[in-house]
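Number of protein chains: 2
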Amino acid sequence: MRGDLSRRAAEERDAADVLAGLRDRFVITDPELVYLDGNSLGRLPAATPDALARLAWQDWGTELVRSWSTWIDWGRRLGDRLAAHVLGARPGEVVVSDSTSVNLYKLAAAALDANPGRHTILVDAEEFPTDRYLLQGLAAQRGLTVRTIASHLDEGLDPDDVRRALDDQVALVVLSAVSYRSGTLLDLAAVNAAAREVGAYVLWDLSHAAGSVPVDLTASGADLAVGCTYKYLNGGPGAPAFLYVREELQARLRQPIWGWFGQRDQFRMGAEYDPAPDIDRFLVGTPPILSLAALDPALDVFAEAGIDQVRAKGVGLGELMVELADAWLTPLGFTLASPRDPQRRGSHICLAHPDALRISQALISEAKVVGDFRVPDRLRLGPAPLYTRYVDVWDGMERLRDLVTRGGHEHLPVEPPRVT
Amino acid sequence: MRGDLSRRAAEERDAADVLAGLRDRFVITDPELVYLDGNSLGRLPAATPDALARLAWQDWGTELVRSWSTWIDWGRRLGDRLAAHVLGARPGEVVVSDSTSVNLYKLAAAALDANPGRHTILVDAEEFPTDRYLLQGLAAQRGLTVRTIASHLDEGLDPDDVRRALDDQVALVVLSAVSYRSGTLLDLAAVNAAAREVGAYVLWDLSHAAGSVPVDLTASGADLAVGCTYKYLNGGPGAPAFLYVREELQARLRQPIWGWFGQRDQFRMGAEYDPAPDIDRFLVGTPPILSLAALDPALDVFAEAGIDQVRAKGVGLGELMVELADAWLTPLGFTLASPRDPQRRGSHICLAHPDALRISQALISEAKVVGDFRVPDRLRLGPAPLYTRYVDVWDGMERLRDLVTRGGHEHLPVEPPRVT
Numbered sequence: 091m092r093g094d095l096s097r098r099a100a101e102e103r104d105a106a107d108v109l110a111g112l113r114d115r116f117v118i119t120d121p122e123l124v125y126l127d128g129n130s131l132g133r134l135p136a137a138t139p140d141a142l143a144r145l146a147w148q149d150w151g152t153e154l155v156r157s158w159s160t161w162i163d164w165g166r167r168l169g170d171r172l173a174a175h176v177l178g179a180r181p182g183e184v185v186v187s188d189s190t191s192v193n194l195y196k197l198a199a200a201a202l203d204a205n206p207g208r209h210t211i212l213v214d215a216e217e218f219p220t221d222r223y224l225l226q227g228l229a230a231q232r233g234l235t236v237r238t239i240a241s242h243l244d245e246g247l248d249p250d251d252v253r254r255a256l257d258d259q260v261a262l263v264v265l266s267a268v269s270y271r272s273g274t275l276l277d278l279a280a281v282n283a284a285a286r287e288v289g290a291y292v293l294w295d296l297s298h299a300a301g302s303v304p305v306d307l308t309a310s311g312a313d314l315a316v317g318c319t320y321k322y323l324n325g326g327p328g329a330p331a332f333l334y335v336r337e338e339l340q341a342r343l344r345q346p347i348w349g350w351f352g353q354r355d356q357f358r359m360g361a362e363y364d365p366a367p368d369i370d371r372f373l374v375g376t377p378p379i380l381s382l383a384a385l386d387p388a389l390d391v392f393a394e395a396g397i398d399q400v401r402a403k404g405v406g407l408g409e410l411m412v413e414l415a416d417a418w419l420t421p422l423g424f425t426l427a428s429p430r431d432p433q434r435r436g437s438h439i440c441l442a443h444p445d446a447l448r449i450s451q452a453l454i455s456e457a458k459v460v461g462d463f464r465v466p467d468r469l470r471l472g473p474a475p476l477y478t479r480y481v482d483v484w485d486g487m488e489r490l491r492d493l494v495t496r497g498g499h500e501h502l503p504v505e506p507p508r509v510t
Numbered sequence: 091m092r093g094d095l096s097r098r099a100a101e102e103r104d105a106a107d108v109l110a111g112l113r114d115r116f117v118i119t120d121p122e123l124v125y126l127d128g129n130s131l132g133r134l135p136a137a138t139p140d141a142l143a144r145l146a147w148q149d150w151g152t153e154l155v156r157s158w159s160t161w162i163d164w165g166r167r168l169g170d171r172l173a174a175h176v177l178g179a180r181p182g183e184v185v186v187s188d189s190t191s192v193n194l195y196k197l198a199a200a201a202l203d204a205n206p207g208r209h210t211i212l213v214d215a216e217e218f219p220t221d222r223y224l225l226q227g228l229a230a231q232r233g234l235t236v237r238t239i240a241s242h243l244d245e246g247l248d249p250d251d252v253r254r255a256l257d258d259q260v261a262l263v264v265l266s267a268v269s270y271r272s273g274t275l276l277d278l279a280a281v282n283a284a285a286r287e288v289g290a291y292v293l294w295d296l297s298h299a300a301g302s303v304p305v306d307l308t309a310s311g312a313d314l315a316v317g318c319t320y321k322y323l324n325g326g327p328g329a330p331a332f333l334y335v336r337e338e339l340q341a342r343l344r345q346p347i348w349g350w351f352g353q354r355d356q357f358r359m360g361a362e363y364d365p366a367p368d369i370d371r372f373l374v375g376t377p378p379i380l381s382l383a384a385l386d387p388a389l390d391v392f393a394e395a396g397i398d399q400v401r402a403k404g405v406g407l408g409e410l411m412v413e414l415a416d417a418w419l420t421p422l423g424f425t426l427a428s429p430r431d432p433q434r435r436g437s438h439i440c441l442a443h444p445d446a447l448r449i450s451q452a453l454i455s456e457a458k459v460v461g462d463f464r465v466p467d468r469l470r471l472g473p474a475p476l477y478t479r480y481v482d483v484w485d486g487m488e489r490l491r492d493l494v495t496r497g498g499h500e501h502l503p504v505e506p507p508r509v510t
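Protein sequence lines, in the order shown, are assigned to chains G and S.
Residue numbering for the first sequence follows the working numbering, beginning at 91 and increasing consecutively.
Residue numbering for the second sequence follows the working numbering, beginning at 91 and increasing consecutively.
You can take every hint at face value.
Where chains are identical, the list cannot tell them apart; a pair therefore holds if satisfied intra-copy or between any two copies.
Below, in silico cross-link-like pairs of lysine to any residue (SDA-like), each with a Cα-Cα straight-line distance of 25 Å or less:
#1 Lys458 to Trp147
#2 Lys458 to Arg508
#3 Lys458 to Asp149
#4 Lys458 to Leu493
#5 Lys458 to Phe357
#6 Lys458 to Pro506
#7 Lys458 to Gln148
#8 Lys458 to Glu505
#9 Lys458 to Leu95
#10 Lys458 to Thr425
#11 Lys458 to Arg144
#12 Lys458 to Arg491
#13 Lys458 to Thr152
Rather than coming from a laboratory, the hints here were simulated on the basis of the structure.
All chains should be built: construct the whole structure from the sequences, respecting the hints.
Take a look at the structure:
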């Protein structure tokens, strides 16, 4: 099959795809739209609107406050589902709460407190903005230094880069398992081992990894992780994030935001904060139940698919995209801005082009192909194995080639809009 | 009318109630249920399920990631609606984000940073648990002292209590405008003035005030406030919270959780955190859009009712409840555990009884009257003016009298359940 870049060959791969049937589990109202931004906002699972309606009419509308006897455990329950189906963690190690940013703040602060006397936080210079900003804030507050590892914009980091940057002054390393722009996939086990050797904690941002690659937190020896649920996990816009703390560490770590959901015997309402003995100590306030309710139908599809099948198809989709880019887009001034080796990538692919901003916008408005733009000059395209077909990749790339060939983007303003 | 404790008299008050028509704007699936816990979780607005379905099918399901061009401003937009209809604040002073707990942490930390050299945080000893715990955490982190004001369990604090506890060592005062247990309403303007005299910031927790009493943040000279939207505001379980920062203070205050939603020119993704110049600097991460979507229909009802009408009816409902308690419940061992003067109370009423826990539970399971229990021995009952009728109060109190008279609670276990 490889090397045959016809649409027919893509159709044949779809016909042989073991996950093909799961596309029907998502709402697809516009068959013309090629959606390659599942790495930013996943599609709506078909079962989600009913789940929301049930939650509203039954749990909230009819049972009212009495539903809190079940809602109170949803953060834990959903965390366990994520642990089992997506993250390779054990029960009681994952909980859903707050945003990724707030969770990263909580766990980074906890790790710094547990590693006193060290003055350095290590982060990829190209790490997702919120991660870098949060660490700058923590460093400013505590008189620490953020040391950045200069990474290649397209190839990202490898474990040796991290190893070279580690020393016994490093308290905490924050890295994305899959880089938000280039898609570079890091070897978690190698980085965890290197950090453990010098006594540093590693806090993984799994936002672009969860649901696209098997993460295997337990097997890789991970200590700490956070991530969002609205990308490959299809939990809905701004769906609550998860956090992971290895069981053996939970009793030793304390996070800084001492809210009542982190309190042992919450409804005794005692005078002094006394953190829960387990993962609950990393909770803070009342969780948004409507948004949590959308996670169950989303995780059902994952539980059925299996993360290894998802990964295998993700590699296939990515390979087709890279082959088409090589054949069709290189002559138009595009270069691959992701690792070429599929084992070093997550599910999304980045392409560099001097006019990437306008191309990205015209691609949406005129060619009905949705990807996104990332500074400085990157077009990011994220097929999502649960609902993206090989023909979607083929159609998207063909429309992209046609758009740029005819200069269909050149009438657009060069200024970026508010959201890219 | 006053003094006539017949059900007929309650019916007449309903017939004359200018807000009576708004009850139809809420889902009431069980006409037998007397719901007196709107102070914990407000009822489902009838327009909310459709709003959620529209959000799911159209904004998420069809428009997908393109909807972020509007979603990105929802925290601000909803904040402005709250400011106009509920909080008496100006545009650009309120934003919806995170949980009340996280917001309280952010603003408390910001105020402490802006008031260096002072070592005391002042809080009501009977303040809601999450507020006390959060302040204990901030104090532990910064080497500060939390000084509690001993307040009366039933009468709460008055401005003189606060004034006596203030001195030039106090950096920050955290108080509830309406106390979560007794319902005591504090005079915001008097407290704000007293604190300003000694140079302390006041951070108001409006969770039990927003939507039950006119808060008038601008007129009262308030600097900082947070509060939830799932009680009287009917935003749904765990609906995202709001925060308020007086415009003149915004540029001076910085919160500690430096996330990308607080960044100026967020999508430039610059290397250094550079906080937005306005209220956006108090944002952190991606907000849960499904939960935000439920706030619009909830606020529509408030905009129509007007907070002054809501307050007037809240006083009426509370007065009836107290009169009935005096007449019917005092002989059964209940005592009023809220201020007797209606001008010193919010919308909910607390009653003390040695067997309050079991009474609260039997009231729900056997008499279909939903209130809640609060330690140590309090039955809390919260009529909500938008949908609670005078006859609901009457029926609820009558069923309570009957239940306790026949000892209908005495077979229950004395141990509290997980959630009370």
